[in-house]
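Chemist: The listed protein sequences derive, respectively, from chains Z and U. Each position in the first sequence, counted from 1, maps to that position plus 290 in our numbering. Each position in the second sequence, counted from 1, maps to that position plus 4 in our numbering.
Certain hints may be false.
A few chain U residues that face chain Z, going by a derived Cβ cut-off under 8 angstroms, partial list only [stated by the list, open to error]:
| id | residue |
| --- | --- |
| 1 | PRO39 |
| 2 | GLY41 |
| 3 | LEU74 |
| 4 | ARG77 |
| 5 | ALA82 |
| 6 | LEU89 |
| 7 | HIS92 |
| 8 | LEU93 |
| 9 | TYR101 |
| 10 | ARG104 |
| 11 | CYS106 |
| 12 | PRO109 |
| 13 | ALA146 |
| 14 | CYS229 |
None of these hints come from the bench; they were simulated from the model. Keep in mind the model is a prediction, meaning the values are calculated, not measured. Note that beta-carbon positions come from the ideal geometry of N, C-alpha and C, so glycine has one too.
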Amino acid sequence: MRTVGTVFCKEVLDNIRDRRTLLSALLMGPLFGPVLFAFVINLSIDRAISSAEKTLEVPVVGAEFAPNLQRYLESRNMTVVEGLESYETAVESVKLGTHDLVLVIPAEFGEQLRNSLPARIELVSNAADTAAARDANRVRSALQSYSHELASYRLMARGVSPIVVRPISIDEIDVSTSSGRSAILLGMMSYFFIFAMLMGGMYLAIDTTAGERERGSLEPLLALPATRGRLMFGKILAACLFMILALFLSMVSFYFALRFMPLDKLGLTPNFGPQAVLLAFLMFLPFVLLGASLMTLVASFTKSYKEAQTWLGFLMLLPTLPILVASLLNLRPRTELMFVPSLSQHLLLIDLVKNEPINLLYVLISVLSTLSLGALLAWLCARLYRREGLLG
Amino acid sequence: MIRVDDIHKHFGKVHAVRGVSFSAPNGRITGLLGPNGAGKSTTLRVLYTVLKPDAGAASIDGKDVVTESLEARRVTGALPHGSGLYPHLSARENILYYARLCGVPRNKIDEQVDGIIELLDIKDIAHRRTKGFSQGQRTRVALARALVHDPQNIILDEPTNGLDVMATRALRKLILTLKDNGRCILLSSHVMQEVGALCDDIVIIANGQVAISGTADDILNDTNCDDLEEAFVTAIQRTGYDD
C-alpha cells in the first residue's frame, strides 16, 4: 500500500509541476466541448430564427396576372419581386443560384380561376439546397392556404358549407417534451465528457510508461525492491485523479455554457441542473478506471513518447464508435446494451438529459460492467510490467 | 556477494550472453571489462533482475535473481546505463522517492536521504530541479538514489561514461570508500585504464563469454603480457573475437 501511495503522490506532484501539460490536459478538454457546442447551437439558432422572421423575397414571373395572390403573399410576410421575364429565365436563374426560388404565373391564370378550372402556378426551386427548400416550403404553404381560402369561398357561393369537404380532421398531438427534442443535439455531450476525461489522463499515461522508458528512468525504477504491479497501480491511480478532475471540470463548464445558450429559442430545455450534473458525474466515474488502464496498457506497448501519442490519438476515437452506432440506429436503453462501456453511459446520460426516469438496474449493470472491465485491464497492465520486453 | 553461474541470454536470434560465470566478493571491487556489445550490460541487467536468464543462475547474497528477485533487489543498489532522473523533481525529491519505494522506515528516511546527499557531495544542488543538471551532477544524483537504502551490493553499469576528469576522480573516491565499508561492488567499463586503476578483480568478457578473469597480476601472468591493454587484446582474441 505504501508503494502505491508513494508512486501516486510522486506522479501527481510531477504532473502538477509540468504546468503546460497540466493546463492543456485540464483546460483544453473541458473547454473544447462547450465551446464547439455553443458554436453549433448558436449557428442553428441563427438560421432557424432568421428564416422564420425574415421577410421572404419571392421573385415572380407574371405577377400582373394575379394581383390578389400578390396581396395575399404580402400579407404573409413576403414581398413580390418582379424583373424576370419568362419561365426559361426563371429556371436558369434558380439553376445558377441567383435566386433560391421563382414563382411562375402563366397568363391564363386569371381565366382558369374564373372558369373554376385548376389554375396552374409553377414553383421553381432547388430541393438539394436546404435553406432554399425551407423558403420554398414557406411559399408552398402560403399558396396552399390561399387555395383553401378560394375553395371555401366557392363552396359558400354555392350554398355548401366548407366543412363538407373536410371529412377527416387531423389533430396532431406531439408527445415529445421539449427536453426530449434536446436529446439529438445533446447526444454529443457524452462524447465530449469522455474525450475531456481521456485528455485529462493521457499525458500521465504516456509519461509513466513510454516517457519513463525514453527518459531512462524506467530501468532503475524496476531495479528497486518494490513490487512492479504496485508501481503500475500507483501510476494508474494518478492518471485516474486527473481524469476525474477533467471530467468534473468538463461537466461544470457544460453546465455554465448551457445556461448562457438561448436553447429555449430552439425549444430545447435540457435537464442539466446541479443535481443532473452530479448524477451524470457519478455515472461516468466508473469509466475513469477503464480509460486510465486502457491508455496505460496501450502506451506500455509503444516504444516512444511520439508513438504513444499517435496510438492514444486513435484510442480517443474508440469510445465514439458505440455512441455513433447508437445514434445511427437510434438505440434505446436495453439491458444488454448496458454491458457496453461508453454506450451505456451515453444512453443513460440521454435519458437523464431528457428528464426521463432512469432505470436503476441499468445504472447498476453499467457501473459494474465498466468497473470490472477497468479492473481487468489494470490487472493486465500490472502483468505487463513483469515482462522484460517492456524495456524495449 | 554476487555469484553468476553459467548464464545465457538470447535476444531473438542473437545469443548475447553464452555462459558467463564469475563471483564478486564483499569488500572488493570487481570490474567487468569488454568491448562494446560483449554482453556486459546484459549480464548486469540479469543481476538487477530486469532481465531473466534463459539458462544458468545468478544470486545476490544467496538470493536467486529469478525466484527471489524482490529479496535480491532489496540487498542491491543498481545504477543502470544512462539512468534518467525526473526533471520536474528536485535532486532531493528524486532521492526521497527511491528511499520510500525501497521501504526505508519513515522515522529514518530524512536521516538516510541527508546522509547520502552528504556522502555524494550534492548538498548545493539538492533543492534544485534536476532539469538542466550536468552529466556529472546527474550521475551523482542517480547514484545517491541507488544507494539510499544502504545496499550491501552495488552494481554500476558504465558509471564514468560522460564524466569529466574531476567527476571521475570523485566517483572513484566514493567507490573506494564503499569498498572500505565492506560492500560488494560490481562495475562495468570498456575503459581499460579505469578498470586497471580501480578494480581488485577483473572479468574480461568478449562475445558473451568470459575470456579471462582474476586480479590484474593474474591476467598479466596468464597472457604473458606486460601491460593490461595487450593482455586484454590477447584474451579476447582467444574467444574468437573479430574486430
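Chemist: Next, verify each hint and record whether it holds.
Modeler: Status of each hint after checking the structure:
1. Of the supplied interface hints, the one on U/PRO39 is violated, with its beta-carbon coming no nearer than about 22 angstroms to a beta-carbon of chain Z, more than 8 angstroms.
2. At a threshold of 8 angstroms, the smallest CB-CB gap from U/GLY41 to chain Z is about 17 angstroms, leaving the interface hint violated.
3. Taking 8 angstroms as the C-beta cut-off, the interface hint given for U/LEU74 holds, the closest approach to chain Z being about 6 angstroms.
4. Checking U/ARG77 against chain Z by beta carbon gives a least distance of about 4 angstroms; that is within 8 angstroms, so the hint holds.
5. Contact between U/ALA82 and chain Z, as hinted, is supported at the beta carbon level, the nearest pair being about 4 angstroms apart and thus within 8 angstroms.
6. Checking U/LEU89 against chain Z: minimum C-beta separation of about 7 angstroms stays under 8 angstroms; hint holds.
7. Interface hint at U/HIS92: satisfied, since its Cβ lies 4 angstroms from the closest Cβ of chain Z, which is below the 8 angstroms cut-off.
8. Taken as an interface hint, U/LEU93 checks out: its beta carbon lies about 6 angstroms from the nearest beta carbon of chain Z, inside 8 angstroms.
9. Hint on U/TYR101 holds. Least Cβ distance to chain Z is approximately 5 angstroms, under the 8 angstroms limit.
10. Because the closest C-beta pair between U/ARG104 and chain Z is about 4 angstroms apart, less than 8 angstroms, the hint holds.
11. At a threshold of 8 angstroms, the smallest CB-CB gap from U/CYS106 to chain Z is about 6 angstroms, leaving the interface hint in force.
12. Given the 8 angstroms rule on beta carbons, the hint for U/PRO109 is violated: about 11 angstroms separates it from the nearest Cβ of chain Z.
13. Here the hint on U/ALA146 is kept, as its CB sits about 7 angstroms from the closest CB of chain Z, short of 8 angstroms.
14. At its closest, the beta carbon of U/CYS229 sits 36 angstroms from a beta carbon of chain Z; the interface hint therefore is violated under the 8 angstroms criterion.
Hints 1, 2, 12, 14 from the earlier list are contradicted by this structure; the remaining hints agree with it.
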